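A.B. asks: Chains A and B are the protein sequences, given in the same order.
Under the UniProt record's numbering, the first residue of the first sequence carries the number 1, and numbering increases by one thereafter.
Under the UniProt record's numbering, the first residue of the second sequence carries the number 1, and numbering increases by one thereafter.
Keep in mind that the hints are not guaranteed to be accurate.
Unchecked claim - DSS-like, lysine-lysine: derived pairs with alpha carbons at most 30 Å apart:
1. A:K152 <-> B:K123
2. A:K152 <-> B:K120
3. A:K256 <-> A:K153
4. A:K472 <-> A:K436
5. A:K153 <-> B:K75
6. B:K154 <-> B:K120
7. A:K319 <-> A:K472
8. B:K123 <-> B:K72
9. A:K472 <-> A:K60
10. A:K436 <-> A:K80
11. A:K379 <-> A:K60
12. A:K152 <-> A:K80
13. A:K153 <-> B:K123
14. B:K75 <-> B:K155
15. B:K166 <-> B:K72
16. A:K153 <-> B:K154
17. B:K155 <-> B:K123
18. A:K153 <-> B:K155
19. A:K152 <-> B:K72
20. B:K75 <-> B:K166
21. A:K152 <-> B:K75
22. A:K472 <-> A:K152
23. B:K166 <-> B:K154
24. B:K155 <-> B:K120
These aren't lab readings, by the way, just hints derived from the structure by calculation.
Model, not experiment: these values are computed from the prediction.
This is what each chain is made of:
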Amino acid sequence: MSTIDQDRARLLRSRRDFLRTIGGAAMGSAVISTTLRDFRLINSALAQGNGVGGAFTDYKALVCIFLNGGNDANNLIIPKGAQHANYAAIRQNLTIPESLALAITPLNNDGNQYGFHPVCPQLQSLFQAGKLATLFNVGPLLFPTSRVQYQKKLVALPPQLFSHSDQVTHWQTSIPDQPPRTGWGGRVADYLHPYQNELLQDPVSRAKIALCTSISGANTFEVGNSVQQFHVSTSGAVTLSGTSTAREAVVRNIAKLSQSNLQADAYGDVIDNAIAAGATLNSALTDTQTGWTWNTPFPSGSLGDQLKMVARIIAGRNKLQVKRQIFFVSAGGYDTHTSQMGAGDDALTGTHAGLLGTLSQAIGAFQAAIEQIAADTTKPGVGDPALANSVVGFTTSDFGRTFPTNGQGSDHGWGSHHLIFGGNGNPTTGAVIGKKTYGTFPVLQVNGPDDTSTGRWIPTTSVDEYSATMAKWFGVDAAHLPVVFPNLGRFANPDLGFMRV
Amino acid sequence: MKVLAGTIAALLLLGLVLWRPWEDATPPPAPAPPAPPTKATPKPPAPELPPEPAVTPVEPPPAPPPGNDLSKLTKEDIQRIRDAVDNVELTLRDYAVALNGNPVGTNAEITAALLGDNAKQLKLDIPAGSTINAAGELCDPWGTAWFFHQLSAKKMELRSAGPDRKIYTDDDFVR
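Please model the entire structure based on the sequences and the hints provided.
C.D. replies: This is the structure we're talking about:
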């Protein structure tokens, strides 16, 4: 039989298979278009482990919590003691009284005393337990920058400083001086996904979902060159609306039809993989959900629901056969130009207090959920004591906010304080070396050495240093850190020391 | 019929007489020979006249700010404010086109950038309807600094505090 005849015979067989399976080809195109809409088709066939190299033997997860709008971290971590007077004099109606700030006792001593916002008892507890660390005054930079250099324009700065969308991109790409094409999480995934599973070419045993998972829709952070993010809602993987098993089989059979066009063929594979991955994820969630009650309830609302879904996916990690996962969740509303405080400038109420309270509850519940999953060895393939030291979360945000009040809130800033949490809290083995502060707390003075001119802190630590420290723990070796973070060499500390590698 | 033909012939004849095409055929007159050069006679010095006073452009005095009560603003007042917003917006647009993005920073930094402190030393005019205060800030018709909410490289929310001069209140003008 000639090659042409062989192709024709294969095509005919495919047609017969197709007709025998679905019985009605007329519905095909409509179903495919529904599939496209419902799935977003973000997960990539490449992301599912067609790589080479040795496999990871342990599990690790990084959870990025993005605070959209620019969090006023000046009121997340509050100076106590002698510094509080400076703080209160400039913040005025935004001031959290010193007596209400929840005191922490860091193991290190930078000469200052600190406390968390009064609505953040969970953060205080985690810090004191050695499971949370703070990083002061971090932000996007192209080069280390001083006040004089900023004012005299002696060094290049990230473009469009103080604008929301640009700063979001800068944080998520960690390459502010290049057009945004990939995020640093995506580049980490590009490098690590070949090591997800040692049977990478085996369709049965390889990882079932992409390394990057977003519970908050599309983002730049998880965009890689080859790895794409897998989107999950707070209810699980998005499925075909009104589907039945038969309908799903129909769609998958259509997707798997051999196409003469290579692109169409690959596209069909992507659709098929998306459906398969979604079905597998939902199956894993169902398995772990049965009889599962969280000891510490998640707060109601979007952030709590998102982190709950992350915890559930982590509980199902063995069924999904993943060894490394990067998650992205987000919370909005942090652009507090006004209504930052409650009526009568009440420090305990208002928009910002509400946001911080939810953040603290959600982080506390998530950490408790991971520890609960780790401890529950009664469910096969779910509990594992090592898990408690394998999941690390961190906060990011557009920018910090101006230190002085604008009367009703605060305006766009630059450097900001952030949180890293996770691990077992053990001072010698914990993933996060907690109960410590990192970075340099700014001098609380308008027109002081850390200020551009109006209380916008010039970052003393770069996003590159912050992110690289976590990427190193996650598995990126020293030789590849400059590939993931091309500007890292410009800064002094490629490892800030808050992760135990 | 004969009358009609006669009338047409008479009209043609009359037209021919009025047109007088034979006159167009006459050649144009020959150009006159160039005049011989004449000896220039020096002009006597003009008597000294008192210098004219220098003409300085007279700028209209700044318009008084609109009233402090939103409900009492006239249509003209509101149009004036809208024009001021338009003008700031247009200035920002010109800047963004030339420098591939809006100016950034505080109001004073943005104002300085519009007035030439930028990579191309592009100097734009102060937008009509706005003024600059002692702190170098671009101000709305009430003399309050505009609030520049920096959304992205090309999109800037522009806010005037309005008659009460307090930002983020109900009488703000926002674009």
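A.B. asks: So, for every hint listed, does it hold in this structure?
C.D. replies: Hint-by-hint comparison with the structure:
no.: 1; hint: A:K152 <-> B:K123; result: holds (19 Å)
no.: 2; hint: A:K152 <-> B:K120; result: holds (16 Å)
no.: 3; hint: A:K256 <-> A:K153; result: violated (58 Å)
no.: 4; hint: A:K472 <-> A:K436; result: holds (19 Å)
no.: 5; hint: A:K153 <-> B:K75; result: violated (45 Å)
no.: 6; hint: B:K154 <-> B:K120; result: holds (18 Å)
no.: 7; hint: A:K319 <-> A:K472; result: holds (26 Å)
no.: 8; hint: B:K123 <-> B:K72; result: violated (37 Å)
no.: 9; hint: A:K472 <-> A:K60; result: holds (12 Å)
no.: 10; hint: A:K436 <-> A:K80; result: holds (16 Å)
no.: 11; hint: A:K379 <-> A:K60; result: holds (20 Å)
no.: 12; hint: A:K152 <-> A:K80; result: violated (33 Å)
no.: 13; hint: A:K153 <-> B:K123; result: holds (18 Å)
no.: 14; hint: B:K75 <-> B:K155; result: holds (28 Å)
no.: 15; hint: B:K166 <-> B:K72; result: holds (18 Å)
no.: 16; hint: A:K153 <-> B:K154; result: holds (22 Å)
no.: 17; hint: B:K155 <-> B:K123; result: holds (20 Å)
no.: 18; hint: A:K153 <-> B:K155; result: holds (24 Å)
no.: 19; hint: A:K152 <-> B:K72; result: violated (46 Å)
no.: 20; hint: B:K75 <-> B:K166; result: holds (22 Å)
no.: 21; hint: A:K152 <-> B:K75; result: violated (45 Å)
no.: 22; hint: A:K472 <-> A:K152; result: violated (35 Å)
no.: 23; hint: B:K166 <-> B:K154; result: holds (26 Å)
no.: 24; hint: B:K155 <-> B:K120; result: holds (20 Å)
Hint check: violations occur at hints 3, 5, 8, 12, 19, 21, 22; the rest are consistent with the structure.
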